[in-house]
Amino acid sequence: MDIKQENRAGKPRRKILKAVLLHIVMVILSFLMITPFLWMVSTSLKNMNEMYAIPPIWIPREVMWSNYRYMFESAPWLLYFFNTVKVTGLVVVGQLVVCSMAAFAFSRLRFPGRDALFFMLLGTMMIPYHVTMIPTFQILRRLGWLDTHQALIVPALSAAFGVFLLRQFFMTLPRELEQAAMIDGCGYPRIFLNVILPNAKPALTTLAIFTFMGTWNDFLGPLIYLNSDHLKTLTLGLATFQGVYTNQWNYMMAGALIVSLPILIVYMFAQRYFVQGIVMSGLKE
1 MDIKQENRAG KPRRKILKAV LLHIVMVILS FLMITPFLWM VSTSLKNMNE
51 MYAIPPIWIP REVMWSNYRY MFESAPWLLY FFNTVKVTGL VVVGQLVVCS
101 MAAFAFSRLR FPGRDALFFM LLGTMMIPYH VTMIPTFQIL RRLGWLDTHQ
151 ALIVPALSAA FGVFLLRQFF MTLPRELEQA AMIDGCGYPR IFLNVILPNA
201 KPALTTLAIF TFMGTWNDFL GPLIYLNSDH LKTLTLGLAT FQGVYTNQWN
251 YMMAGALIVS LPILIVYMFA QRYFVQGIVM SGLKE
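Numbering of the sequence shown is given in our numbering, commencing with residue 1 and proceeding in unit increments.
Just so you know, not all the hints are guaranteed correct.
Estimated spans, in silico, between C-beta atoms of each pair [to be verified]: (1) Ala53 x Lys15: 38 to 48 Å; (2) Pro55 x Arg142: 51 to 61 Å; (3) Glu62 x Lys15: 43 to 53 Å; (4) Gly89 x Ala239: 13 to 23 Å; (5) Leu22 x Gly89: 34 to 44 Å; (6) Trp39 x Phe82: 28 to 38 Å; (7) Gln138 x Phe82: 27 to 37 Å.
I should point out that these hints are in silico values taken from the structure, not numbers from a laboratory. It should be emphasised that the depicted structure is a prediction, and the values quoted were computed from it without experimental measurement. Even for Gly, the Cβ is constructed at its ideal location relative to N, Cα and C.
Generate the whole structure from the sequences, applying the supplied hints.
As structure tokens, then:
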């Protein structure tokens with residue numbers, strides 16, 4: 001009897017010990033992941049002497065806010081920012097519209113070859129971007145879209161991952177909602193707009209975040225298709241800035257922080273929907 005009581009008393013202790021060790025490991029991993037970001041912030045506020053000091057200085061003795069002012073004076077960053085917002089906003093909105101309609105068709109409508117077409121669409125996710133890069137470039141050249149923002153926006157309006165993500169989420173919604181709408185006289189367009197989309201906010205937000213991050217950070221697309229300086233996005237402008245100020249890492253880190261800051265802000269405000277959409281999108285096959 002004493003042994004059983006000792007075992008029962010020992011179980012909560014082991015659970016507490018495991019939880020403490022798990023939290024310690026998570027804190028260490030979190031610190032390791034955030035260290036490069038903290039170093040970027042620190043470097044962006046240093047002068048040249050502190051930047052190359054040994055041992056490294058984490059907290060600048062003199063905060064150089066002038067690094068950010070100098071960066072804005074050296075390149076048209078506001079124009080780059082406007083171009084990035086324009087391209088990213090149109091791609092996010094367009095992809096939500098196109099992918100949600102395609103996902104609705106694959107999840108709710110029945111037509112010949114639906115499953116085969118969907119698996120063909122999924123198969124395109126296995127093709128690396130570099131394989132389709134040259135054919136896409138040739139198509140855009142024939143359309144006369146090179147050195148325009150259309151080259152970045154139109155090809156990105158449809159994404160197999162977005163269709164797959166939304167389709168999986170739509171299939172988790174009860175069929176009774178759709179049947180009740182049909183009894184009330186709703187057709188498929190009204191069911192899509194008034195029933196499916198209002199209940200799919202987590203998945204739509206998740207896709208919007210993924211699309212926003214991918215488009216905002218896209219460097220290869222602008223590098224290939226854009227030549228004019230007034231059309232450049234932030235990533236391409238930062239690369240140009242790096243070519244001019246190769247060894248001045250304090251200015252480079254200031255630019256990198258400005259480029260990455262909008263992504264952090266968007267993720268912080270939409271984190272709840274992001275996690276919920278990822279979890280619920282794989283519940284039903």
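Checked hints:
Distance hint check for Ala53 and Lys15: the Cβ-Cβ separation is about 46 Å, which falls inside the suggested range of 38 to 48 Å. At about 57 Å, the beta-carbon gap between Pro55 and Arg142 stays in the expected band of 51 to 61 Å. Separation of Glu62 from Lys15 is about 50 Å and conforms to the stated range, judged on CB atoms against 43 to 53 Å. Between Gly89 and Ala239 the CB atoms are about 22 Å apart, so this pair conforms to the stated range of 13 to 23 Å.
Leu22 and Gly89 have their C-beta atoms about 40 Å apart, which keeps the hinted 34 to 44 Å range intact. For the pair Trp39 and Phe82, the beta carbons lie near 29 Å from each other, so the given range of 28 to 38 Å is met. The supplied range of 27 to 37 Å is met by Gln138 and Phe82, whose beta-carbon atoms lie about 29 Å from each other.
Violation of the numbered hints given earlier is absent; every hint is satisfied by the structure.
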